[in-house]
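Enquirer: Mind docking chain B on chain A? Use the hints.
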Amino acid sequence: MKNYKTMVLSNQEISPGYHRMRILAPGFDEISRPGQFVMFRVQMSLPPLLRRPFGIFRTGFLPPDCDGLPPKEYLELLYKVVGRGTGIMSDLHEGDRVEVLGPLGKGFDTGNPGEEKILVGGGIGLVPLFSLALELTKTSKVRLLMGGRTRDDILAVTEFERLGVETYVSTDDGSLGEEGMVTQVLQRKLDKYPHAAVYACGPLPMLRAVHDICAPRGTSLQVSLEALMACGVGACLGCVVKGRGHSEENPQLLCTCKEGPVFRAEQLDWSNLEKEPDYCEGCAS
Amino acid sequence: MMNCREEKNKRSAPNLAVDIAGIHLRNPVMPASGTFGYGEEYATYLDLEGIGAIITKGLSLKPKAGNPTPRIAETISGMLNAIGLQNVGVDAFIKYKLPFLREINTPVIVNFFGNTLEEYGEVAERLSDIPEVAGVELNISCPNVKKGGIVFGTDPRAASEVVALVRKNISKPLIVKLTPNVTDITVTARAVEDAGADAISCINTLTGMAVDVRTRRPRLANTTGGLSGPAIRPIAVRMVHQVAQAVKIPVIGVGGIMRAMDALEFLIVGATAVQVGTANFVDPGAMAGIVAGIEEFCIEEGISDVRELIGSLEV
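Just so you know, the sequences run in chain order A and B.
If you read the first sequence in this note's numbering, its first letter stands for residue 99, the second for the next number, and so on.
If you read the second sequence in this note's numbering, its first letter stands for residue 626, the second for the next number, and so on.
So that you can see chain A by itself, here it is in the shape it has in the complex (with noise of 0.2 Å):
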């Protein structure tokens, strides 16, 4: 991991509320693993004080120009806006500087080869979920369940499918494949590949229905959790979660950042996750 000191090579909105941003970044692929994230800053600006975390979409490299130049190593991130932080983030534009921290954290435990994987992502959950499915499409087969409010909260689907990934859509308001839960078709899923693994990342809320379904099971879960953080390398205690076993007298805190921010789910003492606020990112008043 490193401090890149870096720029922006493009950034556009996507769908109304979610951006794209590529980042140049040479190195950064060879290493990092599926599942880990970067903290970011917009370069000589305060506010905001501190950085942001981002799970990171993909890496990889821009086409050649006729320049002679070897062709420039990107990652990218997929971003929501929903406070000051990511509303500064949406107006950079090329050549903007950057500085971003990384790859930080623990990443997916890719599993056996040949195993059925099934992906489960809520919204901007499913940003790990694609660096992820680009490493287990070489060797399994990949279905993803990809939940939303709205058909708006639904992306990259057809950049999964093109990976071969078979993709299974779910919206709150039905706007856009199937209406309802994603934990309907997980359930489904599962009693048709009872030994496929399961890899999920979205709000708590679905994170506990999901495991709520595997636990019983016996399916492997990984999940991706998501916390507010000021360091990102272990220092501040700010993202801490309660692991199985925890208690006052035998404190037993495991940092998003560090730990995680994949764990299994038997690592973590469900009935006593707490719920991150919702401006989670945007809270810098």
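Heads up, some of the hints might be wrong.
As the list claims (entries may be wrong) - Lysine to aspartate or glutamate pairs mimicking EDC-like chemistry, simulated, CA-CA at most 16 Å apart: (1) B/LYS793 with B/ASP823; (2) B/LYS687 with A/GLU346; (3) A/LYS103 with B/ASP908; (4) A/LYS356 with B/GLU666; (5) A/LYS100 with B/ASP672; (6) A/LYS100 with B/GLU666; (7) A/LYS100 with B/ASP908; (8) A/LYS356 with B/GLU665.
These are calculated hints, taken from the structure and not from any lab test.
Everything numeric in this text was worked out from a predicted model, so none of it was measured.
Expert: Same frame as chain A, now just chain B:
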């Protein structure tokens, strides 16, 4: 053969080393407790042998779970935190965290606190004969726990009592960290000096609060928290100025230092060294930049020894 510029730099390389109560620091920059973990968290980002000292997260007798989340909230030019002194406890620190620090050629200062007077004394005793501990910093100023911490820091008599007890139990250099959440910080400063403190660090965070207007709930689970970051720097500079005039022991300036220029303000008003806190979260390499900036400033200003700056305020 050296070119002209190199020769000039070599000749004018300023002394940055300072002494705090017998602890020799290669430069006056160290982390503020609670923003630097136990040191190893930052080893990838920062040369730990390039800073003056390492100050650990505050330790207690037993491991401590801390407060529920949310524990942090960003505010304008600052952040509120109510971590609640989560730590591994003094015994686990000695067993699991100290071996890493032993290999680093930088003085280790251990910050600690107690829930009761007796606990303060007991932690001090356990640290007293650990050779790798260069000194201790006594936290009597955490605003985020009900017991201990600030209870001792806001009452000069209680502060004096706890410092005297710790002084009795440990012969290592003793730094006492003061809270700004009092009417007159010089009263506490004099009390801890009289009780046997070797140095004072100030300020800890200012108690603050922020509300989510839509849910009408506090933004921290603990309701209130400690405000840090550049927002508090002018208050910290003023208080360090006051304390440096009120006591004879060295003062370590803390509060919202982000850049070398900020650190220099504290030295000029009378601090012998500085602690960098919130800036470590924003940029894990921040302290290296601050050390380099202080050196550069000295060269530019023709200052051969950083100690010339201490208390050089013109009024």
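Enquirer: All hints are to be evaluated individually against the structure, with a verdict given for each.
Expert: Structure-based check of each hint:
{"no.": "1", "hint": "B/LYS793 with B/ASP823", "verdict": "13 Å, holds"}
{"no.": "2", "hint": "B/LYS687 with A/GLU346", "verdict": "10 Å, holds"}
{"no.": "3", "hint": "A/LYS103 with B/ASP908", "verdict": "11 Å, holds"}
{"no.": "4", "hint": "A/LYS356 with B/GLU666", "verdict": "10 Å, holds"}
{"no.": "5", "hint": "A/LYS100 with B/ASP672", "verdict": "13 Å, holds"}
{"no.": "6", "hint": "A/LYS100 with B/GLU666", "verdict": "13 Å, holds"}
{"no.": "7", "hint": "A/LYS100 with B/ASP908", "verdict": "11 Å, holds"}
{"no.": "8", "hint": "A/LYS356 with B/GLU665", "verdict": "13 Å, holds"}
Checked against the numbered hints above, the structure violates none of them.
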